[in-house]
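J.: Quick note on our numbering: the sequence shown kicks off at 8 and runs consecutively.
Just so you know, the hints here were simulated from the structure itself, not pulled from any lab data. Please note that the accuracy of each hint is not assured.
[As the list claims (entries may be wrong)] Between beta-carbon pairs, the in silico distance windows are:
no., residue 1, residue 2, range
1, Gln32, Asp70, 20 to 28 Å
2, Asp20, Gly72, 54 to 62 Å
3, Arg35, Gln62, 26 to 34 Å
4, Val10, Val44, 28 to 36 Å
5, Phe40, Lys12, 23 to 31 Å
6, Asp20, Lys63, 15 to 23 Å
7, Glu31, Arg66, 29 to 37 Å
8, Leu27, Val69, 39 to 47 Å
9, Val10, Ser65, 32 to 40 Å
10, Ser11, Ala39, 21 to 29 Å
11, Ser15, Arg41, 34 to 42 Å
12, Thr28, Ser65, 47 to 55 Å
13, Ser15, Arg35, 49 to 57 Å
14, Ala60, Arg38, 43 to 51 Å
C-beta atoms are modelled at their ideal positions from N, C-alpha and C, and glycine is treated no differently.
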Amino acid sequence: MCVSKKNSEGYDDPTAYEALTRIEQEQRALRAFRPIVYICSPYSGDVEKNVEAAQKYSRFAVDTG
8 MCVSKKNSEG YDDPTAYEAL TRIEQEQRAL RAFRPIVYIC SPYSGDVEKN VEAAQKYSRF
68 AVDTG
């Protein structure tokens, strides 16, 4: 998103420019934040079932952000 210093009529609008610039910066910061998580699941025993469970846990974590 490119924020213009001028309004739709072509006049300088520093208040709106400042507000929109701050909103854009906050949105960029939120996109950059990626929490680090540790997903734990048993492996021994029924390996196939446990791997499936770990994949479900991982998918849930990615889908929910």
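J.: Evaluate each hint against the coordinates.
T.: Verification of the hints:
no., hint, in the structure
1, Gln32 <-> Asp70: 20 to 28 Å, "27 Å, holds"
2, Asp20 <-> Gly72: 54 to 62 Å, "34 Å, violated"
3, Arg35 <-> Gln62: 26 to 34 Å, "31 Å, holds"
4, Val10 <-> Val44: 28 to 36 Å, "34 Å, holds"
5, Phe40 <-> Lys12: 23 to 31 Å, "28 Å, holds"
6, Asp20 <-> Lys63: 15 to 23 Å, "50 Å, violated"
7, Glu31 <-> Arg66: 29 to 37 Å, "31 Å, holds"
8, Leu27 <-> Val69: 39 to 47 Å, "31 Å, violated"
9, Val10 <-> Ser65: 32 to 40 Å, "37 Å, holds"
10, Ser11 <-> Ala39: 21 to 29 Å, "24 Å, holds"
11, Ser15 <-> Arg41: 34 to 42 Å, "36 Å, holds"
12, Thr28 <-> Ser65: 47 to 55 Å, "37 Å, violated"
13, Ser15 <-> Arg35: 49 to 57 Å, "24 Å, violated"
14, Ala60 <-> Arg38: 43 to 51 Å, "30 Å, violated"
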